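Chains as they are written, first to last, in our numbering: chain A, 1 to 539; chain B, 540 to 637; chain C, 638 to 844.
Calculated directly from the structure, the hints in this document are not laboratory data.
Model, not experiment: these values are computed from the prediction.
Please note that a few of the clues may not be correct.
[Stated by the list, open to error] As a list, the in silico DSSO-like pairs of lysine-lysine whose alpha-carbon atoms are at most 30 angstroms apart:
#1 C:K724 <-> B:K548
#2 A:K342 <-> A:K284
#3 B:K548 <-> C:K723
[Stated by the list, open to error] Take a look, some chain A residues computed to stay more than 12 angstroms from chain C by CB distance:
#4 L59
#5 T159
#6 F229
#7 S344
#8 H379
#9 E516
Note that beta-carbon positions come from the ideal geometry of N, C-alpha and C, so glycine has one too.
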Amino acid sequence: MTTSEPTMPPVHYLNCDYSIRSWLLTQDHKRIALLFLVSITVFFLLGSTYAGMIRTELLTPNGNVVSHQNYNKLFTMHGLIMIFFFLIPSIPTVLGNFLIPMMIGARDLAFPRLNLASWYVYTLGGIFTITAAVAGGVDTGWTFYTPYSSIYSHTNVTTMAVGVFITGFSSIFTGLNFIVTIHKMRAPGLTWFRLPLFVWAIYATSIIMVLGTPVIAITLAMVGLERVFHIGIFDPALGGDPLLFQHLFWFYSHPAVYIMILPSMGVVSELIACFSRNRIFGYKIVAFSSVAIAVVGFLVWGHHMFVSGQSAYAGLIFSFLSFLVAIPSAIKVFNWTATLYKGSISYDAPMLYALGFIGLFTIGGVTGLFLATLGMDVHVHDTYFVVAHFHYIMVGGAIMGYMGGLHFWWPKITGRLYPEQWARLAALVIFLGFNLTFFPQFILGYLGMPRRYHTYPAEFQVLNVMSSAGASILGVGYMLPLFYLLWSLRRGPIAGPNPWGAKGLEWLTPSPPPTENFEQTPVVTEEAYAYRPEENASG
Amino acid sequence: MSNHILPIKTYVAVFIALMVLLAATVAINRVSLGELNIVAALSIAVVKTFLVVLFFMHVRYSHRLIWIFVGVGFYWLTILLALSMTDFLSRTWPPLGR
Amino acid sequence: MLRHQFEDASQQRESAVLGMWVFLATEIMFFGGLFAAYTAYRYQYGAGFAAASHHLNMLLGAANTAVLLTSSLTMALAVHAAQVGKKPAHIAGLLVLTMLLGCAFLGIKAVEYHDKFVHHLVPGASFVWEGTLTRQAEMFYYLYFAMTGLHAIHMLAGVGVVLVVAILAARGRYTPQYHNPLEITGLYWHFVDIIWVFLFPLLYLIA
């Protein structure tokens, strides 16, 4: 902590130019990060609105708020928007864009124009999506399963598929940029094993983006062809095989789950280290576990197809391989916990999110093992057990990490501190609201309530009311940061370069940073997380 | 990743080799070898790819990192083909558990 | 020529080359979806695929392979010319030759496509197949058009990019010290060539 009053630099990346043009044509990774922040927040609010409508419908056993057709559209649009337009871009394009060059001591990403193009491509894809939504939505489920999506559905599948196709290129551009930047732009002395674990996590994420996304792009293009020209590739009536679609779809869409969770894991590593004032226990193995998750994540997609008619032999192989992903994931959880041991822990809001992440991700991960078990999955497939499982990973995991990271680096991004007490309150409200929303769904699913129906037997109402009540608490929890973070833009106390006393190159430069990030290229001479240099001399 | 300059005659030699391999592909296709036809054709395609990648694309003289990314591209394609074929290949096998 | 985010020219060049290779890995997977579909259906529909493949003109396919391989040679020579500091006209000439060969490839492809239209071998409502295994043959032609069509789109893009690079080369932009755009355009061109090297046996040579 600084002894004198912290100050803001007179000129920084935010106030160097106020024109609209300087934002829309910017090549500064920090400004592009903010463009993404605004865009994904819009989509998050849109996706949340759909979620709110779903939970309202499910308050009562009878479908008396929306028709079954509209309910199908609600959960489809909720899934599509949250996955492709919020969760996948969230941490990479906002925190990754802002932090990767700063963490490695570079002036910018390797390809700044490509970075800007990524935002425009994302926006174009978003326009198609909003068009599809306004025109009446899509009812196929976010999975676009054929032949329903390609032949029978009378909703705006083509427009939506075009939107997802285009947005995929945003992902590819961003991933490609990160890979090259991390390989080629590191400051002198910054070896791979001195990198913050967030950088490792983003690197692993980028690998998935670059190698997985093109497959869903070509697959959706084939769905579009079948839909528009009635040329069969997936439709059994035309000699096609619908399971081929599922293979190609999940080849990307299962690894996509790791696109969502890996960056959060990276954020959590930063938070745990800073707020327990310890070097991450077993740094190297945590770093490699990110890469291992990225690679093994590509070998398990068939566990989404256990009851699809896929050969039972393939099911056996995929079931076995799915268990392997648990190993690197568990390593991370154990190592974060071990990092806390004998740390000097402070419970600032980002740390609350990080601790919440560890608990919720563990529940989500362990229930994932239930689902990877072939026999067990046959019982709970397509029930709320699955819904609860992936929301524990995606909301309890990915969004917790995103919120924690946003708070942690907010002072760096804006130069001002957020109100700590409000932030802690919001973190607790989100944690409680989340658990109340989704824990009952594990029980519902285990009791046999199927997903994707707008009516259900009366016996399930109590648990559904609990879930809907939790959703409204969760909604309040998400609205709080929206207000106090905006408030802090003008009224928050000046943060100074390093309000947390954190380690890492991004904290060496003023907050907000100058456009070129560093006055001089930093030279790195110590390990990451050297919070206790006397104890960690050996690394 | 040095800016290695190959002599022109290397490029010409590689080109001639590629043309010979093309002729070989067409010639072998004239002979009926059953399943071996596709194996031969794809093997020749792989050899051609190696020639183009190593010489025309300079990978032979590139940094190890480039080798890794060339390998990664083809390796991931193998994952996609091999694991999806586990399903298609074993669908007609006798059912499990009985 | 050195952009602000880089420390020196070699860092910039290595980044450009690595970026292109990462992009090519993406491209492999983009075509990979079609290759996976091909593999699955070829396994299931072997007989129909063989029958359908007989209607492709193997000679035109082989000629096109030769055209593309030659264009790869001229492209490699263009990069070489820039490396050793040949005159702008020399570099641009080789690039124009590459471009023309690319156009020749697309011309031959257009002749083949036209032939398939005339013989009602385009999948969809107008598909006519004399013989059994109609669905299987139609699937083969679906994959034929999808794979060669995607490849042709890449060729079109390639021709456009080579044209731009040729103009820049003619203006003397590329020197032994700086020719990154030319070098990575070359990588892309060779990659599109490699895709065809696989498409040719997979589509034309099913005995």
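Problem set entry | In rising order, the numbers of the hints this structure does not comply with | Violated hints (numbers, rising): 6, 9; every other hint is consistent with the structure.
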